[in-house]
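S.K.: Sequence order for the protein chains is A and B.
Heads up, the first sequence stops at 624 in numbering that gives the first Met the number 0, and the numbers go up one at a time, no gaps.
Heads up, the second sequence stops at 353 in numbering that gives the first Met the number 0, and the numbers go up one at a time, no gaps.
In case anyone wonders, no lab produced these hints; they're calculated from the structure.
Keep in mind that a hint or two might mislead.
Have a look at the derived ranges for each label pair, beta carbon to beta carbon [to be verified]:
1) B/23 / A/36: 20 to 30 Å
2) A/53 / B/7: 52 to 62 Å
3) B/343 / A/314: 53 to 63 Å
4) A/318 / B/319: 36 to 46 Å
5) B/108 / A/70: 40 to 50 Å
6) A/122 / B/121: 40 to 50 Å
Glycine included, each C-beta is placed from N, C-alpha and C at the ideal position.
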Amino acid sequence: MPPIDPENQSKHSPPSRLFRDDTRFALGRIAVFQYLAVVIFVFLIGGFWVLQIRDGDFNKELAERNRIKTVPLLAPRGKILDRDGRVIVDNHSAFALTLSRETLKPEHIAAIAEGLQNIKAEEIRALVARAESRRVAKYVPLVIKQDLTPAELAFVESHADPDTFPEMELIDKQSRLYPHGGLAAHVIGYVGEVSEVELNSAEFAKYSQGEIVGKEGLERQYNDLLTGVNGQRRVVVDSMGREHGRPIENKDFTPGNNLQLTLDLDLQSVAELAMEGRRGAVVALDPRNGEVLAMVSHPAFDPNLFTGRIRAADWNELINNPESPLMNRAIQAQFAPGSTFKTIVTIAGLETGLLEPSTTVNCPGGATFYGHYFKCDEVHGTVDLHRAIVHSCDTFFFTVGNRIGIDHIAEYAELAGIGKKTGIDLPNEKDGLMPSQRWKLHVKREKWYAGETISVAIGQGAVTVTPIQLASAVGGLVSGGVWYKPHLVKNAHIDPPRRADLHPENVATIVSGMCGVVNEGGTGASAAIPGLEICGKTGTAQRISNDLAKSNKALGLAMRDNGWFVGFAPRENPEIIIVALWEGSGKGALSAPIVRDVIKAYFDKKARLARPGPAQLSLFAEPSR
Amino acid sequence: MEFFLNRYRNLSVLVAAILAQLVLLAYQVKTNGDVRLIRVWAVGAVTPLARVIETGRSGVSHFFSDYFVLLDVREENKRMKTELDRVKMDNQYLRAELSTADRAQSLAIFQKHSPSKTVAAHIIGNTTGAGAKVVFIDRGSSSGIEPGMAVITPDGIAGKVTKVFFAAAQVMLVTDGTFAAGVISQNNRVHGTFKGLDYEGTGRIEHVQNEQKIDPGEWFFTSGDDRIFPKGLPVGEVTTVHQGKTEKEIYVSLSGFKNGLEEVLIIVEGVHASIPDAPVTNQAVHLLAPPPPDPGAPVVQPLQTGPIATDADRIKEQYRKLGEQQKHMYGERGNGAPNYNAPLKTEVKPEPKP
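Let's have the full structure, built from the sequences with the hints guiding it.
M.R.: Structure (structure tokens):
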């Protein structure tokens, strides 16, 4: 250390003082930094608290969602097949395009629209703007287009990579593919997204929002059977959504069960063609077991409209259509059966002994009962039971109906199933109505008037039936009094039939009369087929009274009589019974050719299958499975 | 300040570099755009180096080949062996040269005869990623390359351009798990989507219904639906086809890689059956015009991802035709019921005029 000059000592600051000043300076700076550091740490800790404690669960969920993507594997519904295994309802992959707004780049919209058909960039921008104005969460994907074409699908899949348009995502919907033109539409029904109201019902309680369920027809009746079990695939993804490695979980879906029907597509097709341009229904049954071979209701609707979400315009058109295309006329149309009911009156008379085959009545073109004149279509002269059935003489049945009485008629009608549901495996079947003294007193609190029986005896008045009910009733009757429950699913459990102890000779009398209707120049002669003994009965049922029709011609034209024809073949041990209802046709005889064409299809197919060599189900289409 | 910078020069430079990186990263994240500044620099810096290394490697290889060829022999009994070695090596070298020449020649011939305008490029490197099959080519934006352009070989499709730099581009190969292209089968004209399978030489065709007909050995070609590949380029041959749960499971062996993948063509102007009316402009990704309708193909309905009809539709239609042939009006009185067992006449289409 150099010596200190005492004279100059004052010029130099004392070392201790100089040191003290420097320390003070440094301490000040250090203190500032310390406080700053404390503030920063408090700020950081606050941030951590917000991220990890206050919003911890939410952020954890976000992170998990970013890391693990769950891809649902939607199970296809079971197919619906005809009795020979041919596909009636199929599934097809229908892809929808969504855009993820989290990764959406506005400059991509024009190019994306360029690759799609019938959609403009402005429309996509408007969709995005609408979602933002409604504050829809960013992670909710925006559906841009449903039912992509193969060209659109190829465009989307080839550009949806992380480097090109990562915002594009596909949703595989597995839509239902129904026959076009409404073939068997009412039988099959349709599917749709389960509604809030349905979710609160016991029938759909086990489903969740957004799931597709059967809404009508067999789709609804056998919904649980047709619905499969969805699977899922969980994969690790990066921040761009790219999948890495093998899936963490790969739970495959279980498809729904296929449903094989008793319907025969050959008969169904012919019945559909025969009803084209007509309003009404056709039902074909096998009376030996209750299998429904064909069921048509016209006008129909296209169930494919319902596979996505039906457009409001389409829905309004369907429900406001005066012809009610959504109504399954085969099980829901309740109309007077007209002269087809004479078969029931006949069995009631024969079984009670109040009518005999030899009973004769003179028909001068009508008769007066209880002060009221009841008109017949023609002057038939003196007719016995057989001729009365063949020529559908109303005067004969006015007379015998009056003799038999309403309660006997009702007893045998109810035995045959008139006035109550057949129990077919379809939802919303209607009852029809078989009036009786008890019914009128119970429901209308009025006495039954004997004059009412006269109308009921020819299938008018209060009596109403559905086509399925009439087919079942007459089918069981001509089979000797054995009524099987009509059903649409093949190989299903068949309930034991209802049996009535009818006298075979009485049944034979009715069958003979019905064969005469077709083959002896009766009212159903147009149903005749050379070489086949078809039997049947026509029915022309008024919808309004003659007086009203005369006074209001427009109404009379609009409410023309319904035409019924119930036919079966062969005469012994019938294999098929068919009911055709043509609303407003004016005459039952006009419905006979509909039944003729379907019966011919049945027996031609039977002959085809009986040929030697490999069995040929159909001339045209073998099962595609 | 100057003193501080001088004294802590290394630290200052490091801090400045880190700050610059952070600013750029922040900018890139904030804008969420395709800035790729760091990537552009990195690729720009590495690509010339890769070319130099590749040139050096081949130069050194040639030098040693020549060295051995020119090496003098000292002993007679060794001379023959050396001569044999030399001939063997010569042979190997010439085969390689011939193979290269063949590829170059086939590339040139294909390029000349292809209706599409193409640019030839060499593969100069590949990247490794989780399942990614990506290569770099020595052509970039300076050669007119754009993202979304098709990359092919004379034998078939090879991939598509995903990123473009000044003198290089990144290509996603058809074997990448995320690669897809629209395809059509040769015989049965069935549309589908080709997907990469992450293993060499094989791909999968999706969205073909079980009811549609595909035969093993059948070829798939590009359909042009994807707006990347022009219609008609070979994709691969069906090796396996069987019914799946919801659709057919079809596997194809890729044709584009069968002679290796060293040189490729990038389609800068694709041509389907006819030349596009107008180029597509102002798009983030290069898109070809849609392919023209194929006169031989069936009319495509909106539901074409699945069968357009079920058996029910077909059967009803046949009964309708039968009724027309027999002049029978269903449900009408008149000439009785039709004969459903009569053979249905098939329509004979007139031969197309040449």
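S.K.: The structure should be examined with respect to each hint, and the outcome stated for every one.
M.R.: Hint-by-hint comparison with the structure:
no.	hint	verdict
1	B/23 / A/36: 20 to 30 Å	holds, 28 Å
2	A/53 / B/7: 52 to 62 Å	violated, 41 Å
3	B/343 / A/314: 53 to 63 Å	violated, 39 Å
4	A/318 / B/319: 36 to 46 Å	violated, 29 Å
5	B/108 / A/70: 40 to 50 Å	holds, 45 Å
6	A/122 / B/121: 40 to 50 Å	holds, 44 Å
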